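Use the sequences and the hints to build the structure in full.
Okay, so the sequence shown: first residue is 135 according to my numbering, each after it adds one.
Any given hint could be a false lead.
Quick list of the computed label-pair ranges, beta carbon to beta carbon [claimed, not checked]:
id: 1; residue 1: Thr227; residue 2: Ile261; range: 19 to 27 Å
id: 2; residue 1: Leu175; residue 2: Glu205; range: 33 to 41 Å
id: 3; residue 1: Ala231; residue 2: Leu162; range: 27 to 35 Å
Since the hints were derived computationally from the structure, they do not count as laboratory data. Model, not experiment: these values are computed from the prediction. No residue lacks a Cβ here, since even glycine has one placed at the ideal position from N, Cα and C.
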Amino acid sequence: MSAQPPRDPATADTAGSRDDALLREAALDRALRRVLAPPSLPDGFAARLAAAVQRAGEPDSLRTQRTLAAEYARQAEALRNGYVRLQWRTLGTLIGAAFVAGITLTLALPYVRATWGGYGVLATAVIGALVGIGLGARSWLGRSSLWRGA
135 MSAQPPRDPA
145 TADTAGSRDD
155 ALLREAALDR
165 ALRRVLAPPS
175 LPDGFAARLA
185 AAVQRAGEPD
195 SLRTQRTLAA
205 EYARQAEALR
215 NGYVRLQWRT
225 LGTLIGAAFV
235 AGITLTLALP
245 YVRATWGGYG
255 VLATAVIGAL
265 VGIGLGARSW
275 LGRSSLWRGA
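Rendered as structure tokens:
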């Protein structure tokens, strides 16, 4: 009978295997505590720790709340600015792509009509749709964790 490698609790597929992994981890912790001695603390450590805690005093909840609110406001503003920047970039890209598509179609339509006759306009629409789907799929897969293997 071959021994199986232990499973990572984060990737376990059932609750039972997660429980088994947690039990094995707890057993390992107990065994390490028996074998390894905790480090020694310097003389007077407990007294210095108690004095430091006493000097620190009670946390000022109002000051903490104001600090957190200010940090939240800064982060929200940065997020809004980034979102607006993304909207402008997207709009610019769409306008640029529309102009390029219009110029390309204007230049290519006489050739397409001569090559495919009455089906030229349909062929142009199909080719445009396939190019759009291809670019969209490439963009989506570039951002997808499936494509990167993550």
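Run through the hints listed earlier and report the numbers of any the structure violates, in increasing order. Going through the list in order, the structure violates hint 3 alone and respects the others.
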